[in-house]
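K.L.:
Now for the letters of each chain:
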Amino acid sequence: MIALLLILVPLVSGLATFLIKKEEQVRTWSLLAAILTFIIALLGVAVYAAPGCWTFRANWMGLLNSSFSLKGDGMGIMLCLLTALCYPIIFLSTWTTAYKKVNNFFGLMLLTQAGLMGVFLAMDALLFYFFWELALIPVYFICSQWGGEKRIAVIFKFFIYTFIGSLLMLVGILYVYSRTAGQSFDITAFYNAGLSVKEQSWLFWLFFVAFAVKMPVFPFHTWQPDTYQQSPTAATMVLSALMVKMGVLGLLRWLLPVLPMASYLNGDTVSLLAVTGIIYASLIAMRQDDMKRLVAYSSIAHIGLMCVAVFAEDKSALQGTLIQMFSHGINILGMWVVVEIIERKFGTVKISALGGIAQKAPALTFFFVIIAFANIALPLSNAFIGEFLMFKGILGSRVSEHGTLMMATAGLGVILGAVYTLRLGRKVFFGATNALTEKGTDIAFQEKAILTIIIGAILIVGIYPQPFLNAMDQISQSILKNSDVLPLLRKH
Amino acid sequence: MNAVLFSGLLGVMMMFASFLFKTKAPVRILAILGIVLLLVVNVLESKGIRLFHMNTAGFLSFTGYALFFNTIIIACTLIYFLVSSKDMEKVGSHYAEYFALIFFILAGTFLVTSFTNLLMLFLGIEIISIPLYILTGSAKKDLKSNEAALKYFLMGAFSTGIMLMGIALIYGATGTFEIAKMNIAELLKSNLLTAGMLMLLFSMCFKVSVAPFHFWTPDVYDGAPNVFTSFMATIVKVGIFAGFLHLFYTAFDKTTIQWKLWLAVLAALTLFVGNITAVFQQSVKRMLAYSSISQAGFMLFALVAMNETAHEGLLLYAVAYCLATIGVFGVISKMTDYSFDGFNGLAGHQPLVALCVTIFMLSLAGIPLSAGFLAKFYMLKAVIQSGGYLWLVIFGVLMAAVSAYYYFRVIQAMYFKQGPNHFSGISSFEKYTLVAICVLIVFTGLFPNVIFSWLYF
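Same order as they appear, the protein sequences are chains D and H.
Residue numbering for the first sequence is 1 to 492, as defined by our numbering.
Residue numbering for the second sequence is 1 to 457, as defined by our numbering.
Among the clues, some could well be false.
[Unchecked claim] Pairs of lysine to aspartate or glutamate residues, derived as EDC-like cross-links and limited to a Cα-Cα distance of at most 20 Å, are as follows:
{"hint": "1", "chain 1": "H", "residue 1": "Lys417", "chain 2": "D", "residue 2": "Glu149"}
{"hint": "2", "chain 1": "D", "residue 1": "Lys150", "chain 2": "D", "residue 2": "Asp289"}
{"hint": "3", "chain 1": "D", "residue 1": "Lys360", "chain 2": "D", "residue 2": "Glu438"}
{"hint": "4", "chain 1": "H", "residue 1": "Lys285", "chain 2": "H", "residue 2": "Glu178"}
{"hint": "5", "chain 1": "D", "residue 1": "Lys150", "chain 2": "H", "residue 2": "Asp341"}
{"hint": "6", "chain 1": "H", "residue 1": "Lys417", "chain 2": "H", "residue 2": "Asp341"}
Hint data in this document are derived by calculation from the structure and do not stem from the laboratory.
All figures in this text were calculated on a predicted structure; none of them were measured in a lab.
Could you build the full structure based on these sequences and the hints that come with them?
P.N.:
Structural data, given as structure tokens:
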């Protein structure tokens, strides 16, 4: 029931938002809807053990043997919780941004949330594909209508990239479907499709491209910095904190277990791409003068590490990835909130135009420093837990032949990450003030409250990660069990 | 049989309607009532209630599939009348005659969906084609329309000749016109048969505008009055496709001639030509003409796959494609500027119409939650199930992504750009018909089962 509600509440409230006329009402209504969704998600976590509360199954397309089947496993629940938590924060942190046709904006945002929840919970390949597109289409409209100057061409590129990816995935889904026993889209049928190595090796790329575009993994990332820069901040937050996770989830839930042999065989190739992306994106991030682009490139680097960890197929690497999915969402959301505040206060996000904000806004600086530390995975921050486990897993990977090399190169990304994040902090927050930042003021109570929630989440996971580790333990076990090829290899 | 007879009778009746009624409203109402009657008698026949008994053995066979297809064609025509019948007034003064011609075309379409004899196929195709030539040239004072009609007629007559030749050669090889009696499996290496089949294939390809036989399409679609383009591109096209599938599925399935490979190559070529050319169009109407070529490429998938899924898929494709295209043309015929720029800012002036056009475009592009997605999905599924031709599937998918480019250009123009209003003269009834089409599209996209189980399956 919880699973269904998590999709229905944003869907229905989003559709209703289109009909509301008054601006104040629209904002309040959508915030309330987002908070309601969050409460439902919390409730779901609280009654997690109760049987059937995270599962839902109904007939949908009987002719195709596809059912409306939802289930929250550890990964799905965590990502739903993240989505439900992020939405109120996103709405609150962009509360004062003026939008033309505000009802359409919030309506589309809530529809995206419904799509995201669906992707995280779907246990039927066709349903998964439906929600995958449902999450994409509203974002396309949001970014094209409310974005920056070059938005139309930029967002269109993003749309075409993702659309090609998802269509290729559709072909893959159809092929696996035609090979399942009894022609079913059910996830267990997919896991037991019994595909030959040859089939898996080309199916792998059909699926991988779809997920890689969304994450994005080098070299499928070229849409990302432009899109993040040109989208309205609220949409950028959704894209970077939540949509990226659709790709990682796709890898973990649909790629590894369905195509285990191919994942094993192509793992090193993909890891190589991801590692290249880490170094490449970090180097570019160091040269950026635009805060939005810097955060965008840093995100490519962080996601790259997750991609390497996924294909290490090691328990602690997977656990690290799962925790990092949550942490990365929180951290990057924090970064965007800070960027949004700076843009609103000073009217620019150019690093060279800013400086000395710390003198005028100490509270903002305090929050920023903690978020920045989390971004570079300092101990006691949430990202440290995730990255440490991932590195440990990559190093000890049984399936990768170049675990050490991958780990060492990816580790460089952490150092480079510290360089550009600290450089950002130094240039923007410290040093002397200039004419622009001279008149700056500190943040209001509401912004403090939002940032407190974010750093609260950072510190809780960072200082006491045990409950999270426990929750992720089972799911990483089951992913590994479903995608384990080593016994197969030993037999031959 | 009900549908064929009634559509013929209705056609004759509409011819006399122009003497009876001096104003246009009663003619229109009569036509709409006529099509409803046609729908009723066809549904009755599919439930086993035949009003006339006529022995058509060896010529026509009204199978459940054919009747279902007819139902779809009639229902789409009904929707077409509801959306566009008012715009026919703009074309010329022979208002009732246009309806008469359309009813005759429908009669021809019903022959094509249910023929069992090559002569009937030929007859049906000609009954469809000749009224179409007239409709294309019906804007008598428009040079473009005249040119289109002449072009269509010359090309059409040529392809008819090829078709007749093909039928003659097949008759020479098999000694019969009846597709059930042809015993093609015994004539494995007959050159006569191969030549005949190829000719038949080419002429059918011409009729449904498959590349490289598509050259008439953009000019004819562009030159014909909008209201008739919409009819030609949708109902006529899917009707002939049903016949195309039937012909190759029942008659030529057993030959060892590699016509499937040929069809696969043609499908790929059609997708390529249609999509790539559509990208470069400046007029939405011409873009739709090329996109209809690319949609034909997708419908060819049904012929490549040749299985049960392909049959279901073609039905679904017919529904999805007709609904969306009729809707778009319903809007286009009320625009004063057909170029992409003409759509600029439509969402600001006409939010409801823009929303409808968006849904039509999303459906044509094959975005999930729409009927168009499911139609494409079925086609891909059919080919994958038949085994082989995976390259075609992947190529089709890439081309579908290309098609998103030009369909989304319309959406971009409507929502993200500003411009003067080029849209006028829509009655609230037509507006709600457009909304109803959208609801149908989304509903079919979400619950195709209901449509199928509600009718025959």
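K.L.:
State for each hint whether it applies.
P.N.:
Taking the hints in turn, this is what the structure says about them:
1. At roughly 12 Å between alpha-carbon atoms, lysine 417 of chain H and glutamate 149 of chain D fall within 20 Å of each other, so this suggested pair holds.
2. Simply put, lysine 150 of chain D and aspartate 289 of chain D have alpha-carbon atoms about 18 Å apart, close enough for the 20 Å limit, and the pair holds.
3. Proximity of lysine 360 of chain D to glutamate 438 of chain D is assessed by CA-CA distance (about 8 Å); at most 20 Å being required, the pair is judged to hold.
4. Taken as a hint, the lysine 285 of chain H and glutamate 178 of chain H pair is broken in the structure, with Cα atoms around 40 Å apart against an allowance of 20 Å.
5. A threshold of 20 Å between alpha carbons decides the hint, and for lysine 150 of chain D with aspartate 341 of chain H the separation of about 18 Å falls inside it, so the pair holds.
6. The hinted pair formed by lysine 417 of chain H and aspartate 341 of chain H meets the criterion: a straight-line CA distance of about 9 Å does not exceed 20 Å.
When the structure is compared with the earlier hints, a violation turns up for hint 4 alone.
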